[in-house]
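Taken in order, these protein sequences are the chains called A and B.
According to my numbering, the stretch in the first sequence is residues 65 to 843, in order.
According to my numbering, the stretch in the second sequence is residues 65 to 843, in order.
A portion of the hints provided could be inaccurate.
No copy labels: a pair is met if it fits in one copy or bridges any two.
Think about it this way: if two alpha-carbon atoms lie no more than 35 Å apart in a straight line, the pair counts; the simulated DSBU-like pairs of lysine-lysine are [claimed, not checked]:
id : residue 1 : residue 2
1  : Lys-98    : Lys-83
2  : Lys-633   : Lys-758
3  : Lys-614   : Lys-73
4  : Lys-609   : Lys-664
5  : Lys-293   : Lys-83
6  : Lys-324   : Lys-633
7  : Lys-659   : Lys-141
8  : Lys-659   : Lys-614
9  : Lys-293   : Lys-634
10 : Lys-73    : Lys-293
11 : Lys-811   : Lys-644
12 : Lys-461   : Lys-634
13 : Lys-634   : Lys-488
14 : Lys-461   : Lys-485
15 : Lys-353   : Lys-229
16 : Lys-659   : Lys-644
17 : Lys-819   : Lys-749
18 : Lys-293   : Lys-623
19 : Lys-98    : Lys-604
20 : Lys-614   : Lys-634
21 : Lys-749   : Lys-604
22 : Lys-633   : Lys-461
23 : Lys-749   : Lys-623
24 : Lys-758   : Lys-470
25 : Lys-298   : Lys-98
Simulated from the structure, these hints should not be mistaken for laboratory data.
Each chain, letter by letter, is given below.
Protein chains: 2
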Amino acid sequence: MSNYAFIGKSMPRVDSRAKVTGEALFTADLRLPKMLTGKILRSPYPHARILNIDISEALRVPGVKAIVTGRDVIQRKWGVFGYTQDQQFLPADRVRFIGEEVAAVAAVDEDSAQRAIDCIRVDYEILEAVFDAMESLAPTAPLLHDNFPHNINVHVPINVGDVEKGFAESYYVREDTFTASEDSYFQGEPYAVVARFDTDNNLEIWMPNAGPHMKAKPLSNALGIPLNKIRVRKITIGGAFGGRSEIAPADLICALLARKIGRPVKIVYTREENSIATRQGHALITTIKTGVRQDGRVIARDVTCYMDGGAYSSTGPIAVSVPFLCMEQAYKMEHVRYNGYRIYTNKPPRGMIRIHGRAFACGVDTQLDMIGEHLGIDPVTMRLVNAREPGEFTNTKSHVASCAMKETITKAAEKSGWNDKWGKLPPLRGIGIGCNSVQTGFPMGIRGGSQAIIKLNEDGGATVISGVVDNGQGNDNMLVQIAAEELGIRTEDVQLVTADTEVTPSDPGAYSQVSTFIGGHAVKNAAENVRRQLFEIAAKTLNVKVDDLKARDRMIYVKDSPDTGIPLKKVVRMILAQGKSVSGQGDYWPKVDPKREWVKNPFGQMCGAFSFGTTVAEVEVDPETGKVTVLEVTAAQDVGFALNPLVLEGQFQGSIAMGGQGGILTEGHVWDGGSVLNPTQLEYKVPLACDMPKINTIIIESNDPEGPYGTKESGMSIAMSAAQAYAAAVSNAIGVYMTDFPLTPDKILEALQNKVESETPNQNEDVMEKALELIVPAV
Amino acid sequence: MSNYAFIGKSMPRVDSRAKVTGEALFTADLRLPKMLTGKILRSPYPHARILNIDISEALRVPGVKAIVTGRDVIQRKWGVFGYTQDQQFLPADRVRFIGEEVAAVAAVDEDSAQRAIDCIRVDYEILEAVFDAMESLAPTAPLLHDNFPHNINVHVPINVGDVEKGFAESYYVREDTFTASEDSYFQGEPYAVVARFDTDNNLEIWMPNAGPHMKAKPLSNALGIPLNKIRVRKITIGGAFGGRSEIAPADLICALLARKIGRPVKIVYTREENSIATRQGHALITTIKTGVRQDGRVIARDVTCYMDGGAYSSTGPIAVSVPFLCMEQAYKMEHVRYNGYRIYTNKPPRGMIRIHGRAFACGVDTQLDMIGEHLGIDPVTMRLVNAREPGEFTNTKSHVASCAMKETITKAAEKSGWNDKWGKLPPLRGIGIGCNSVQTGFPMGIRGGSQAIIKLNEDGGATVISGVVDNGQGNDNMLVQIAAEELGIRTEDVQLVTADTEVTPSDPGAYSQVSTFIGGHAVKNAAENVRRQLFEIAAKTLNVKVDDLKARDRMIYVKDSPDTGIPLKKVVRMILAQGKSVSGQGDYWPKVDPKREWVKNPFGQMCGAFSFGTTVAEVEVDPETGKVTVLEVTAAQDVGFALNPLVLEGQFQGSIAMGGQGGILTEGHVWDGGSVLNPTQLEYKVPLACDMPKINTIIIESNDPEGPYGTKESGMSIAMSAAQAYAAAVSNAIGVYMTDFPLTPDKILEALQNKVESETPNQNEDVMEKALELIVPAV
């Protein structure tokens, strides 16, 4: 057992009470004096030239206070890298997707704003549009951006070893293609933003975000005002899941309206707007060619991937390599080649999402099952043979210090009763396994590290000042746990000041699981710094060495004789009496290769640590409706160390809901040209609590040497492996390897019908009648 | 000329725009969702036992949400020192002055709250009351507090040398008694407080204050919750002047109401409440016996002082020694004895105020003029003979490092044309001079120092985090000036985060001119810390030594070759690229004797520096109305160094308005028993801008070795010397030494009449007719 007071202990989160009482304010809840309502006019065309915008009639609508158009913005484009800066918010010349921002109104109420929006006259010259990534590559396709030939936004080429040689040496080689449609985050909170300028041109702005400092910098660029005049303020946030990591057009628009009229403005997106005007997940087509030894070990893999990026870059270029990297972290290969392309189409822009590249991840594992079937090797063994091991390097040269990939496989298999079920389940029942790995905290250049400041009050309480944002995952509680542990005080003694760009030092944000690893680490370092100051005085007072001391429960005492101690508060007052404040800073920056890049040079140490997850899912398919019932899911993750098992359990559950239950069974966008047909919760079908199966969670601790307390990412490698396991289980249940995701009932029914037809000599027999007899699990 | 970019330059204040546009929010302007209005029921009796409080009817008033009484408070008394803790806010047993808080109501609007207040039934047993300090000392007087015999709150005894011996050795000895009534701050903003509790029992509270951290600690005690759960938040403040340095009963009451109902509550005082229920200045009776050599040099002084403290201690015990200390700083004495008594009476409690002890200060200088007249020495020479000089120690053992007392006297005399006017003015015209000295930053134990944190943004802008509050004097601008100067950036590059107990480190507050000396010093140290980090990288890059570098106008360059430089922003980014945030802390704690105390041991180094001020006033008296017209005022102060001459000029003007124009000519409370008869601006007569005379300001720089840039206090020693100069000028004009302050027209007319009567042999002649002929200036 650990000797920690709070670390590693299950505890309810510090933000629970405010959330369950409804006291917590989300952006849409904010009410500021004299606040106006903002509304955005969006393009009805997927591709068009803006010839003229006439706002004269709209300005006469009673209650309208300000209107902004492309004339109100400075000409600076946004994109996550300099060479992908392609999006001019509020474009004056051209729109590239249905829903792109054309103008915006601030008015005294929503009705007036909408009336004015309806009165804005825009003359468009309609241009030819393209909605399919493969069509967009064609020489005849309309070009979305002049400086991006063939509509290729980015191309990530990776080539390690010699894949052709590898295939030649392989016992068995096969190539398959997998596809998936676009997916959405469907955060609980639709996008909203409130902005206010003061007379000194200082901006205060509130919005859901995955890191306030990630919002401030592009806002500074887009508005042309310095960072010290932009204050992204703390607010309760209803989820991010990889979204909300960058400026949204609405942020700039809201600020422009607020500045123009000199009053606060609030914009709240409808669900439809949230789906079309905040970036979401990519559609993907991937061809995977894999060569293996007779024992199933992969020798070579060649992957080509086309991602439909929509009209602009956003954070999409990062997403091009992530699915590949997750795969190469989880599974060994000798030779590997990857060509990832992100293609522009006239659809809303896509970016990073928590389940990166469903088609890719599920494709790799589905193909492993295909190969296993061919070799007569069961899926668990196939994965154990290929599983990453600690101390190894990935193909792209990242050292994997801690890794319990194999343990997640064996434990998940054991808990799920794999051996009793594989090949032994009744018809239309299936079991599947998936493995994945996720980066813990990748760096974003000079914004890649975090600093925390801790100050102690004279009564021994502490304030932690940190840029870490909590957007639902429990980061606030994590910071409190760490600070209380290191300072030897109680969690209720800790006050947080977080996620406010003016007050808190820069922090990279809550994307890709950096919060504990980087921001939490910084708090740990700051607390150790403060504790050292306390111990130095306490050691003198108690006449012992600093190393002999321990802080716990508001006391500083000698390790081996807990009766010899001094109240922490007393030590604080002793320092104050000497004429010094009791406070300290702590920095943490991940040890990564500074030359590594996402597109141009994806080689070198990419992040501080890697997490590894295995999920096993057991399903039953209704052959009449195609509906999948999930019977049981077992998820095992190497999280490094479990800071708060209760929170981890929630992460596991949410990951399975998003990655498996939603990501494989229901979630995916359908289109009519550039129009998304299922933008709302009613049609998009995010799983609800009542849809969720029984879940077994297995926490495995590999104690990462770099992670604070040995901890690293949790959740995301379950989300991805859950997708893979769900896909495998459905394929197993119906005896067909499914290759197009999500696996909605229509696709399952079609696969069943095709299978029955191909296996039934007499085509006249009733297909459904036969199904139960003929379908056996694929073994 | 200095080589500073901003320091020493006149510049408009950073808070000006928000104030002139009305954008700046004062506490009374705050509007929070669901906020209630609070009202306080006050005692109608000066001394009474509370037998019963019946709130049942009040609770039934529509719109009433919460009522608190003495039953809702924990039993902890407040007072600035442990041994003076005598005030239980919302007493359950006994009230001691008219206006004391008995109960409070929170309701949906003011009318409902007032209706409920009117419905609260309190049964009192009326007790004997005492309203005069001297009567209160009598053995037969009712005792206000059981543990304070003779109603003596504190007695400060100081005895240095041998005054009896000194008097025996003196050429001339005289004793006089001086008196003054109570005075008020009359800040532009009446007291107001807004409090909100969240469901986690965290308190947010806004109120005018002279230091948010000074509010937080007693609130923590009174509420029984730790400091990390109390957030005193930044708000625009309309003046303090020595007030607002401690918890007010309304702070606790507002918090109690907010906690009871779970909604924000706002209490805004009426002017009447502000005068009776926030502590104000003491009434004072002082007897001064002074022995001098033939050349006017003071050998011995024996002072006894009785201050009417009202019903409770508040900060009053500090105020008992301050007038004496100001005097002993300004003027040398060989032997001195002081006995200061603060006496309880059944009047509202009094405390520290910017013009400490009018009767004392004016008494000392008036007596110097009396002595000078006897010796044939003019007032300027009398003061030069006795003026403090640098390098000396005060009688109570404070070292005076920098001192230009004599220069202030000679320069003020010269500028005012003293030599051409003294003894040469027409009848009813008078000229007077006064000198004083004020402490710069005295310590408050473990809360005596300040820490600042500065963080740089990646674009080279800075955020300064400091506990320093700006309550009107320009502290915000001071912090910006210092940070911009030290970092070599522009003032618009600096963002302030100040005066918020949760975010900013502890700071002693803005009383007694500590802000620049302590808080500004801490910002200077923090900026130097950050600059050092920048210079280390810049020095390597430019291949020079750190000491060769200079930062100015967003550049870091080599001192002797300004063309060799590097943009500061670039250096920041270089540090970030190395994986480190650019930030730093700075502490400053004044170098004072930790054993020194205000009451029990007022010996030892009391503060970091002393300022010295001389004012000369020239007046004309209308013998028919007694009205004084001030013709010209010349104020010279040794401020150490002028950080911002424009702000200093404002300080001088405000000080003359408060100390001289108001403090001597109009301001003073009149009483009917325990009822103050002039609680509002209409009757109390604070001078307006149109009342002000021509003012000459003379800034003298002695460059204090400890003050940041050599700076120390400004303003307060003008406020006090202005009082002395005004008093002396009026006495000079009417030829009568006035001893009871303020010098209102009725007193002047009476003095004139007495003088005419005593000097006119024929009592039947028309007094007023004769006045003009007979009255000559006293020389």
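Each hint, compared with the structure:
Both within a single protomer and between protomers do Lys-98 and Lys-83 lie at most 35 Å apart by alpha-carbon distance, with minima of 27 Å and 18 Å respectively. Proximity of Lys-633 to Lys-758 under the C-alpha cut-off of 35 Å is found in neither arrangement, the shortest distances being 47 Å within a copy and 54 Å between copies. In this homomeric assembly, Lys-614 and Lys-73 come within 35 Å of each other (Cα to Cα) only inside a single copy, at 19 Å, whereas the closest approach across copies is 52 Å. Within a single copy, Lys-609 and Lys-664 get their C-alpha atoms no closer than 52 Å, and across copies no closer than 38 Å, so neither meets the 35 Å cut-off.
Proximity of Lys-293 to Lys-83 under the C-alpha cut-off of 35 Å is found in both arrangements, the shortest distances being 31 Å within a copy and 18 Å between copies. Within a single copy, Lys-324 and Lys-633 get their C-alpha atoms only as close as 51 Å, which misses the 35 Å cut-off; across copies the closest is 30 Å, which meets it. In this homomeric assembly, Lys-659 and Lys-141 come within 35 Å of each other (Cα to Cα) only inside a single copy, at 25 Å, whereas the closest approach across copies is 63 Å. In this homomeric assembly, Lys-659 and Lys-614 come within 35 Å of each other (Cα to Cα) only across copies, at 32 Å, whereas the closest approach inside a single copy is 41 Å.
For a Cα distance limit of 35 Å, the shortest separation of Lys-293 from Lys-634 across copies, 19 Å, qualifies, whereas the shortest one inside one copy, 40 Å, does not. In this assembly of identical chains, Lys-73 and Lys-293 lie within 35 Å of each other by CA distance solely across copies; the values are 24 Å between and 41 Å within a copy. Within a single copy, Lys-811 and Lys-644 get their C-alpha atoms no closer than 69 Å, and across copies no closer than 52 Å, so neither meets the 35 Å cut-off. Within a single copy, Lys-461 and Lys-634 get their C-alpha atoms only as close as 51 Å, which misses the 35 Å cut-off; across copies the closest is 31 Å, which meets it.
In this assembly of identical chains, Lys-634 and Lys-488 lie within 35 Å of each other by CA distance neither inside one copy nor across copies; the values are 67 Å within and 66 Å between. With identical chains, the CA atoms of Lys-461 and Lys-485 are never at most 35 Å apart, being 38 Å at best within one copy and 90 Å at best between copies. Within a single copy, Lys-353 and Lys-229 get their C-alpha atoms as close as 13 Å, which meets the 35 Å cut-off; across copies the closest is 110 Å, which misses it. For a Cα distance limit of 35 Å, the shortest separation of Lys-659 from Lys-644 across copies, 17 Å, qualifies, whereas the shortest one inside one copy, 41 Å, does not.
In this assembly of identical chains, the alpha carbons of Lys-819 and Lys-749 lie at most 35 Å apart only when taken from the same copy (27 Å versus 99 Å across copies). Taking the shortest Cα distances, Lys-293 and Lys-623 sit within 35 Å of each other only across copies (30 Å), while inside one copy they are farther apart (48 Å). For the identical chains of this complex, Lys-98 and Lys-604 are neighbours neither inside a copy (58 Å) nor across copies (52 Å), given an alpha-carbon limit of 35 Å. Only within a single protomer do Lys-614 and Lys-634 lie at most 35 Å apart by alpha-carbon distance; the minimum there is 15 Å, versus 42 Å between protomers.
Taking the closest pair of Cα atoms, Lys-749 and Lys-604 never come within 35 Å of each other, the shortest separation being 64 Å inside a single copy and 59 Å across copies. For the homomeric pair Lys-633 and Lys-461, the shortest alpha-carbon distance between copies (33 Å) is at most 35 Å, but the shortest distance inside one copy (49 Å) is not. Proximity of Lys-749 and Lys-623 under a CA criterion of 35 Å is satisfied in neither setting, with 56 Å inside one chain copy and 67 Å between copies. Only within a single protomer do Lys-758 and Lys-470 lie at most 35 Å apart by alpha-carbon distance; the minimum there is 23 Å, versus 88 Å between protomers.
For the identical chains of this complex, Lys-298 and Lys-98 are neighbours both inside a copy (21 Å) and across copies (21 Å), given an alpha-carbon limit of 35 Å.
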